[in-house]
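With the hints as constraints, model all of the structure from the sequences given.
So you can see what is in the structure, the chains are spelled out below.
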Amino acid sequence: MSGSGLTRRRALGAAAITLSATALATVASAASRPDRGEHDAARHGGGPQQFDEIFKGRRIKGKPHGGSHHHGVGYAVFVDGKELHVMQNADGSWISVVNHYETFSTPRAVARAAVLELQGAALVPLARA
Amino acid sequence: MTVRKNQANLSATEKRRFVDALLELKRSGRYDTFVTTHNGFIMSDTDSGSRVGHRSPSFLPWHRRFLIEFEQALQSVDPSVALPYWDWTADRTTASSLWAADFMGGTGRARDGQVLDGPFAFGAGNWPVNIRVDGRTYLRRALGSGGRPLPTRAETDSVLAMATYDMPPWNSASDGFRNHLEGWRGVNLHNRIHIWVGGQMATGVSPNDPVFWLHHAFVDKLWSDWQARHPGAAYLPAAGTPNVVDLRGTMRPWNDVTPADLLDHTAHYTFDSAA
Numbered sequence: 001m002s003g004s005g006l007t008r009r010r011a012l013g014a015a016a017i018t019l020s021a022t023a024l025a026t027v028a029s030a031a032s033r034p035d036r037g038e039h040d041a042a043r044h045g046g047g048p049q050q051f052d053e054i055f056k057g058r059r060i061k062g063k064p065h066g067g068s069h070h071h072g073v074g075y076a077v078f079v080d081g082k083e084l085h086v087m088q089n090a091d092g093s094w095i096s097v098v099n100h101y102e103t104f105s106t107p108r109a110v111a112r113a114a115v116l117e118l119q120g121a122a123l124v125p126l127a128r129a
Numbered sequence: 001m002t003v004r005k006n007q008a009n010l011s012a013t014e015k016r017r018f019v020d021a022l023l024e025l026k027r028s029g030r031y032d033t034f035v036t037t038h039n040g041f042i043m044s045d046t047d048s049g050s051r052v053g054h055r056s057p058s059f060l061p062w063h064r065r066f067l068i069e070f071e072q073a074l075q076s077v078d079p080s081v082a083l084p085y086w087d088w089t090a091d092r093t094t095a096s097s098l099w100a101a102d103f104m105g106g107t108g109r110a111r112d113g114q115v116l117d118g119p120f121a122f123g124a125g126n127w128p129v130n131i132r133v134d135g136r137t138y139l140r141r142a143l144g145s146g147g148r149p150l151p152t153r154a155e156t157d158s159v160l161a162m163a164t165y166d167m168p169p170w171n172s173a174s175d176g177f178r179n180h181l182e183g184w185r186g187v188n189l190h191n192r193i194h195i196w197v198g199g200q201m202a203t204g205v206s207p208n209d210p211v212f213w214l215h216h217a218f219v220d221k222l223w224s225d226w227q228a229r230h231p232g233a234a235y236l237p238a239a240g241t242p243n244v245v246d247l248r249g250t251m252r253p254w255n256d257v258t259p260a261d262l263l264d265h266t267a268h269y270t271f272d273s274a275a
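The listed protein sequences correspond, in order, to chains A and B. For the first sequence, our numbering assigns the number 1 to the initial residue and increments by one for each residue that follows. For the second sequence, our numbering assigns the number 1 to the initial residue and increments by one for each residue that follows.
To be clear, the hints were calculated from the coordinates, so they are not data collected in a lab. C-beta atoms are modelled at their ideal positions from N, C-alpha and C, and glycine is treated no differently. Wrong hints could be hidden among the right ones.
Listed next, the stretches of chain A that the computed footprint assigns to chain B, with coverage defined by at least 3 CB atoms under 8 angstroms from CB atoms of chain B [claimed, not checked]: (1) 54-64; (2) 75-89; (3) 98-107.
Here are the computed lysine to any residue pairs in the SDA-like style, where the Cα-Cα straight-line distance is at most 20 angstroms [what the hints assert, rightly or not]: (4) A/Lys82 / B/Gly40; (5) B/Lys15 / B/Leu116; (6) A/Lys82 / B/Asn130; (7) A/Lys56 / B/Arg111; (8) A/Lys82 / B/Lys15; (9) A/Lys63 / A/Phe78; (10) B/Lys5 / B/Asp246; (11) B/Lys26 / B/Arg92; (12) A/Lys82 / B/Gly135; (13) A/Lys56 / B/Ala110; (14) A/Lys56 / B/Asp112; (15) B/Lys15 / B/Arg111; (16) A/Lys82 / B/Lys26; (17) A/Lys56 / B/Gly135.
Derived Cβ-Cβ restraints for the label pairs, each shown as a range [stated by the list, open to error]: (18) A/Pro125 / B/Gly49: 47 to 53 angstroms; (19) B/Arg109 / A/Asp80: 22 to 28 angstroms; (20) A/Pro125 / B/Pro253: 47 to 53 angstroms; (21) A/Pro64 / B/Asp264: 45 to 51 angstroms; (22) B/Asp175 / A/Gly57: 28 to 34 angstroms.
This is the structure we're talking about:
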């Protein structure tokens, strides 16, 4: 799973300075993941879509969310009801607290990567600085 | 004077004293305060808001100060100890002495990623993972499992050749030396090592793995090497930049130190060799 973000990053090259429609379209066209529809949704406005699915036996959900502690991301991700801290990069890619040095194309992709990393373990709340 | 050495050249005694000092900091509770601090910054540093420890120009001076503080804590336990560095362009395999049972211990087992040998294996009883993002209390690794090898010397040299320290927008989208070394852009140096090690090293609580310090000591050395190659190049930005620590801006959490104060590492330590 770790190679995809890097491949996409190379593909992005110098174009992805800002979270622009062009950058998102580049992400979508370069991504090999089956979630590029989310990019299309984002490109046509409103940010990433909601999702709610069972992945490898874990329920992962993502939805728009208010509140300042999400860094203005305006989006929250949950694994079995526990919040997964996520963050969006300037190029539109996503990371989470359990994959913090590797970028993923969508909140759903970062949630799935977290499920693989957790190997069945439950998330625990973590005090914020 | 503190001399930071390549971990590959440490004597058996130096390794033992370093490990023992780590274990004592862990036992006393001081170690975990460093994990907490790092995770607090990694969760609050954002590309569009205030950013100090990561994804910003102060990534390098912030970690330099963080490592100095940690090294001083080690030296309060054993004054002979200095932070070693891991040159991951040279010691690139899981067979490196870095991962032997007398030093960091090896990779994790397939079933749950648990490290089973060395001083930091959960079974040894001295290294509970207390500051964590999930329920697992044991040190985990998956060395090299991500599929992408560690950076080569040539890749690292290509980043050291970049003459500009950092550039607008001063975040993970920037061109220039800092962001290429950090790895959000380009060949990816620093970030890639975290992913290559796996386990807690790939997470926001990465200092739970003692190899964190050896990795960052080498990233810090690369900053020094870059300065030697580009003596006329300065830390940027100079002044007046929102959300970003300028040359003479104070850095949280210390609030009494600026990037300008940290440009010359020789006030605090030297390295065993230049680049």
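We went through each hint and held it up to the structure:
1. Counting residues of the segment 54-64 of chain A whose CB lies closer than 8 angstroms to any CB of chain B gives 0, so the stated coverage by that chain is violated, three being the minimum.
2. Restraint check on the segment 75-89 of chain A versus chain B: 4 residues with Cβ-Cβ distances below 8 angstroms, three needed, restraint holds.
3. With 6 residues bearing a CB less than 8 angstroms from a CB of chain B, the segment 98-107 of chain A meets the requirement of three and the coverage assertion stands.
4. Of the pairs offered as hints, the one joining A/Lys82 and B/Gly40 holds, with about 19 angstroms between alpha carbons and a cut-off of 20 angstroms not exceeded.
5. With a C-alpha separation of about 19 angstroms, the suggested pair B/Lys15 and B/Leu116 falls inside the 20 angstroms cut-off, and the hint holds.
6. In summary, the hint linking A/Lys82 to B/Asn130 is supported, as the alpha carbons are separated by about 19 angstroms, within the 20 angstroms threshold.
7. Between A/Lys56 and B/Arg111, the direct Cα distance comes to roughly 15 angstroms. Compliance with the 20 angstroms bound is thereby established for this hinted pair.
8. Restraint check for A/Lys82 and B/Lys15: not satisfied, since their Cα atoms lie roughly 40 angstroms apart, outside the 20 angstroms limit.
9. For the proposed pair A/Lys63 and A/Phe78, the alpha carbon gap of about 9 angstroms is at most 20 angstroms, so the pair holds.
10. For the hint pairing B/Lys5 with B/Asp246, the CA-to-CA distance comes to about 31 angstroms; that exceeds 20 angstroms, so the pair is violated.
11. Annotation: proposed proximity of B/Lys26 to B/Arg92 is violated, straight-line Cα distance about 28 angstroms (limit 20 angstroms).
12. Only pairs whose Cα atoms come within 20 angstroms are accepted, and A/Lys82 paired with B/Gly135 is accepted, the gap being roughly 12 angstroms.
13. With a C-alpha separation of about 17 angstroms, the suggested pair A/Lys56 and B/Ala110 falls inside the 20 angstroms cut-off, and the hint holds.
14. Restraint check: the Cα-Cα separation between A/Lys56 and B/Asp112 comes to about 15 angstroms, which is no more than 20 angstroms; the hinted pair holds.
15. In summary, the hint linking B/Lys15 to B/Arg111 is not supported, as the alpha carbons are separated by about 29 angstroms, beyond the 20 angstroms threshold.
16. Restraint check: the Cα-Cα separation between A/Lys82 and B/Lys26 comes to about 28 angstroms, which exceeds 20 angstroms; the hinted pair is violated.
17. Between the alpha carbons of A/Lys56 and B/Gly135 the distance comes to roughly 18 angstroms, so the proposed pair stays at or under 20 angstroms and holds.
18. A beta carbon spacing of about 22 angstroms between A/Pro125 and B/Gly49 contradicts the range 47 to 53 angstroms that was offered as a hint.
19. The given range of 22 to 28 angstroms is respected by B/Arg109 and A/Asp80, whose C-beta atoms sit roughly 24 angstroms from each other.
20. About 22 angstroms separates the C-beta atoms of A/Pro125 and B/Pro253, a value inconsistent with the hinted range of 47 to 53 angstroms.
21. For the pair A/Pro64 and B/Asp264, the supplied restraint of 45 to 51 angstroms holds, since their beta-carbon distance comes to about 47 angstroms.
22. The supplied range of 28 to 34 angstroms is broken by B/Asp175 and A/Gly57, whose beta-carbon atoms lie about 42 angstroms from each other.
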